[in-house]
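Protein chains in written order, with my numbering: chain A, 1 to 217; chain B, 1 to 160.
Hint data in this document are derived by calculation from the structure and do not stem from the laboratory. The model shown is predicted, which means the values in this text are computed figures rather than measured ones. Be careful, since some hints might not be right.
In silico DSS-like cross-links for lysine-lysine, where the CA-CA straight-line distance does not exceed 30 Å [to be verified]:
no. : chain 1 : residue 1 : chain 2 : residue 2
1   : B       : 39        : A       : 128
2   : B       : 40        : A       : 128
3   : A       : 122       : B       : 71
4   : A       : 65        : B       : 71
5   : A       : 7         : B       : 39
6   : B       : 65        : A       : 65
7   : A       : 97        : B       : 40
8   : B       : 77        : A       : 97
9   : A       : 97        : A       : 29
10  : A       : 53        : A       : 29
11  : A       : 7         : B       : 40
12  : B       : 135       : A       : 53
13  : A       : 134       : B       : 39
14  : B       : 65        : A       : 96
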Amino acid sequence: MSSAAAKPILYGYFRSSCSWRVRIALALKGIAYDQVPVNLLKDGGQQLSAEFKAVNPMQQVPALKIDGITLSQSLAIIHYLEDTRPNPRLLPQDPKKRAQVRMISDHIASGIQPLQNLSVLKQMGERKTEWAQKCIASGFQALEQVLQQTAGRYCVGDEVSMADLCLVPQVANAERFSVDLGPYPTITRINKALLELEAFKVSHPSRQPDTPAELRA
Amino acid sequence: MQQVPALKIDGITLSQSLAIIHYLEDTRPNPRLLPQDPKKRAQVRMISDHIASGIQPLQNLSVLKQMGERKTEWAQKCIASGFQALEQVLQQTAGRYCVGDEVSMADLCLVPQVANAERFSVDLGPYPTITRINKALLELEAFKVSHPSRQPDTPAELRA
């Protein structure tokens with residue numbers, strides 16, 4: 001690799017929970033990167049611009065430009081970082097524990113987040129908040145059950161994994177929609193423990209280049 | 001977690017189809033469902049996740065129930081939008097199949113999603129790469145034997 005290799009570039013949005021997952025991964029693995037904010041609300045959604053389409057034909061954030069390729073889909077990006085920069089590990093070595101990490105990650109990334117993302121909420125009109133709360137509560141109920149079996153200090157055992165990268169941003173979404181977290185003590189405990197870690201702090205939506213002044217930490 | 005699919009295997013029960021498939025790949029690695037090259041692996045995962053997170057959940061049963069009369073229109077919209085993005089990516093990654101010339105996890109996601117598209121009468125005209133790959137995959141035995149029309153619980157009127 002050339003010594004003048006460019007830093008990876010993350011195209012994301014401060015508040016996008018999917019972008020936050022990738023920011024945490026980059027921080028945990030100590031990978032320096034540049035950010036190009038893509039505002040999902042302005043101009044009808046900057047991710048839909050012709051300019052961004054040239055970066056990522058799938059017109060989605062997060063997108064990571066790294067090693068000469070551009071990837072989207074947060075978990076595909078995180079897996080690529082894991083495959084190419086394996087330390088520290090974000091997936092356990094044991095296949096059954098790996099599967100638990102992936103199951104929890106996918107439950108959040110496929111089973112909860114997409115149902116309450118921006119484009120879906122736009123369709124819900126006035127029912128938006130009620131819908132988001134319902135999706136999150138239902139998803140968290142299932143997740144709480146699973147975590148009671150898999151969790152140690154974090155989602156799966158005592159090591160931070162990809163599942164934890166998915167959990168924290170989803171809890172932040174839950175808080176934004178005023179979901180009562182009382183029924184989910186394991187989720188709450190783990191979230192609190194993770195937010196004490198530097199990688200989760202530095203990547204927080206309140207501390208990004210595109211964080212609006214009124215939301216800045 | 002009250003979800004299907006769930007696979008009871010090796011003393012554990014897993015849900016989430018891609019987590020299950022990854023577990024099978026980790027423990028029964030031949031034949032491969034993910035390429036060895038990290039960049040191609042990433043493309044396979046990106047396509048798989050796009051379908052499994054970006055399209056299917058938006059048109060699954062519990063969401064459609066909420067849509068009432070707008071159900072079909074909503075499903076068509078989600079699928080068309082997702083397929084438009086997917087067609088773009090496949091034009092860069094596809095060979096005979098989604099990523100190059102080997103069947104991968106991405107192909108396992110594609111075929112069932114195309115079947116969903118057909119069920120909702122989505123016009124597949126704008127997606128020639130998706131259509132071509134889907135056709136090629138449906139000729140393979142694994143895709144035939146696993147088809148919804150040939151399962152133990154397939155209703156009589158839908159049975160192949």
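Tested hints:
Proposed proximity of residue 39/B and residue 128/A is contradicted: the alpha carbons are some 38 Å apart, above 30 Å. Between residue 40/B and residue 128/A, the direct Cα distance comes to roughly 38 Å. Violation of the 30 Å bound is thereby established for this hinted pair. Note on residue 122/A and residue 71/B: the hinted pairing holds, with a Cα-Cα distance of about 16 Å set against a maximum of 30 Å. The hinted pair formed by residue 65/A and residue 71/B fails the criterion: a straight-line CA distance of about 37 Å is larger than 30 Å.
A distance of roughly 17 Å separates the Cα atoms of residue 7/A and residue 39/B; the hinted pair therefore holds under the 30 Å criterion. Of the supplied pair hints, the one linking residue 65/B and residue 65/A is violated, its CA atoms being roughly 38 Å apart against a limit of 30 Å. Proximity of residue 97/A to residue 40/B is assessed by CA-CA distance (about 24 Å); at most 30 Å being required, the pair is judged to hold. With a C-alpha separation of about 37 Å, the suggested pair residue 77/B and residue 97/A falls outside the 30 Å cut-off, and the hint is violated.
Between residue 97/A and residue 29/A the alpha-carbon distance is near 20 Å, which keeps this suggested pair within the 30 Å criterion. With a C-alpha separation of about 28 Å, the suggested pairing of residue 53/A with residue 29/A holds against the 30 Å cut-off. Taking the CA atoms of residue 7/A and residue 40/B, the gap is near 21 Å; set against the 30 Å cutoff, the hint holds. Between residue 135/B and residue 53/A, the direct Cα distance comes to roughly 28 Å. Compliance with the 30 Å bound is thereby established for this hinted pair.
For the hint pairing residue 134/A with residue 39/B, the CA-to-CA distance comes to about 37 Å; that exceeds 30 Å, so the pair is violated. The straight-line distance between the Cα atoms of residue 65/B and residue 96/A is roughly 34 Å, outside the 30 Å bound, and the hint therefore fails.
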